[in-house]
Every structure is written in C-alpha cells, then in structure tokens.
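**Student:** Given only the sequences and the hints, what does the whole structure look like? Please build it.
Given next are the chains, with one letter for each unit.
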Amino acid sequence: MDIIWTTPNILRALAGGVMIGAAAALLLLVNGRIMGASGLLGGLIDGTGDMPRERLAFLAGLVGTPLILVALTAPPPTNIDTPWPTLIGAGLLVGIGTRLGAGCTSGHGVCGLSRFSPRSAAATATFIAAGILTVRAFG
Amino acid sequence: MRIIIATLSGALFGAGLLFSGMTDTEKVRGFLSLLGPHPWNPTLAFVMGGAILPMLLAWRLTPSRAPLLAPAWPERLTGLDMPLIAGAVLFGIGWGLVGLCPGPALAALLWGGAEVAVFTISMAAGMIVLPRLRRIA
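Chains as they are written, first to last, in our numbering: chain A, 1 to 139; chain B, 1 to 137.
None of these hints come from the bench; they were simulated from the model.
Small disclaimer: the values here were computed from a predicted structure and weren't measured.
Treat the hints loosely; a few may be bogus.
To be verified - So the derived label-pair ranges between C-beta atoms look like this:
1. A:I45 / B:L80: 22 to 30 Å
2. B:L56 / A:M1: 27 to 35 Å
3. A:A125 / B:L68: 27 to 35 Å
To be verified - One side only, chain B facing chain A, incomplete, derived with CB under 10 Å:
4. G16
5. S33
6. P37
7. N41
8. A45
9. A51
10. S64
11. L84
12. F91
13. P104
14. V118
15. V129
16. P131
17. I136
Unchecked claim - Here chain B is said to cover these stretches of chain A; the calculated rule only asks that three of the stretch's residues, wherever they fall, bring their Cβ under 8 Å from a Cβ of chain B:
18. 24 to 32
19. 77 to 84
20. 99 to 113
21. 123 to 134
Ideal Cβ placement from N, Cα and C applies to all residues, glycine included.
**Tutor:** See below:
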C-alpha cells in the first residue's frame with residue numbers, strides 16, 4: 001500500500017489537532033458543553049437546542065476565523081471535484097446522518113472517544129467504515 | 001462570559017481545522033482510502049489523535065469539580081441503538097462522497113467556493129428536515 005507521508009504535514013496535523021482539542025476542552029471545562037459541530041449547528045437551526053446565542057457565537061468563531069486567516073495568506077485548495085448533484089446529496093446525507101446519529105467527527109470522534117464512550121466509539125467506527133467503503137466504491 | 005468562551009472555542013476550532021489541513025478534501029478522502037483506490041493519507045488520524053490528547057486531560061478533571069460557568073457536565077448517554085448506527089452510516093457515506101464533515105464544511109464556508117457553500121447549505125437543509133421526517137414516520 002502506498003502511503004502519503006510528509007513530516008511537515010504530519011506535524012501540522014498534530015499541532016492543528018491539539019488546537020482543536022484545546023478548543024473542545026475550553027468549551028467543556030468552562031461552559032460544560034460538548035464541542036460537536038453538527039450538534040451545535042443542528043440544535044440552532046432546527047430550533048431544538050438551548051442557548052441559541054451561545055451556539056451562534058461558537059459558529060461565528062468557527063466560520064469567521066478561518067476566513068480572516070486565509071485573507072491574510074491565500075486560501076488553501078479544498079480539492080472538491082464532486083459533481084453538483086452528488087454534492088447536494090452528500091450534504092443532505094451528512095446533515096441527516098449526523099443529527100440522527102447524534103454527532104460527527106468532533107462530537108463523537110474527539111469528545112466522545114476521549115471520554116471512552118462506547119456509543120461514540122461505535123458511531124466513530126461506523127462512520128469511518130462507511131466512509132472507507134464509499135471511497136472504495138466511488139473514489 | 002459564556003458567549004465569549006463559545007466564540008473563542010469556535011475560533012480555535014476553526015483555526016485548528018484550517019492549520020491541520022482538514023479543509024482539503026483530498027486529505028480526508030486519502031485517509032478513507034484504506035481499501036483504495038487512492039494512496040493512503042494518514043493526516044486525519046494525527047489530527048484526531050492530537051485533538052484527543054487535551055480532551056483526555058479535560059475529562060480527567062471533570063469528576064472532582066463542576067464546569068466553571070455551568071451547573072453540571074454533559075449528560076452521559078449509554079447503550080447502542082438503531083438511530084446511532086444508521087445515522088453514522090448515512091453520515092459516513094456523505095463524508096466519503098465529498099470529503100467534508102460538518103466542522104471543516106463550516107470552517108471553509110466563506111472562502112471554499114460555491115462547492116463548499118452548496119454542500120454546507122444542503123447539510124443544513126438535512127439537519128432541518130430530519131425532525132420533520134421523524135414526525136411523518
């Protein structure tokens with residue numbers, strides 16, 4: 001199996017990961033909240049979540065900060081080559097799936113796994129397996 | 001104060017996603033290529049591993065105190081159920097088709113071009129229709 005390994009890329013991944021974990025730890029230890037992107041957004045826009053202003057503040061930081069950072073440098077490539085209908089279908093699947101399954105990569109994958117939650121471990125193993133099979137089938 | 005902390009957390013999350021390269025869908029699809037067809041890209045594993053480290057420490061602090069600005073810790077759900085697994089399957093398929101999950105989709109929303117915008121709006125639409133689908137079913 002060919003592996004794409006470049007050490008600077010891996011070090012950036014680790015450092016960026018620690019930033020993500022620190023963001024989750026801050027929200028947990030101060031606000032007592034799980035930092036899950038799908039839960040914080042979903043609960044705001046479907047009207048079921050508490051504290052809409054706090055959710056909006058989190059989302060403003062999440063959406064706004066990368067915009068400022070890429071304006072200072074140059075936007076990195078997103079490398080999306082998906083046809084439009086697939087893009088819409090995939091978005092719908094991610095939206096429905098993360099709300100039905102009560103979490104995504106941040107909520108289950110970061111916050112849940114670090115809590116040794118069996119539910120999050122099962123969800124994470126399942127969405128990674130489904131992702132692997134999907135990439136295998138459709139590229 | 002809670003609002004300020006939430007903004008800071010979101011900002012740090014967004015910066016971390018950008019810095020780690022998770023807004024590059026090629027890296028994500030590369031990670032999911034464990035069975036092919038692309039060469040395997042381990043970046044996402046290091047991002048997730050790096051993110052879990054501070055959270056392992058954070059959870060260790062939780063039994064002996066309360067959150068600084070909240071009365072209690074998040075509820076701990078137990079037991080596996082069908083919605084959890086079915087939802088994870090649907091999410092994983094959508095994730096594999098494009099290479100975006102909710103965090104990176106939001107982080108790239110305003111600069112990632114029309115593709116990211118269309119994906120993120122579709123994702124939000126899915127989140128809004130789910131409670132209605134549930135009511136019908």
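**Student:** Go through the numbered hints given earlier and state which of them the structure violates, listing their numbers in rising order.
**Tutor:** 10, 17
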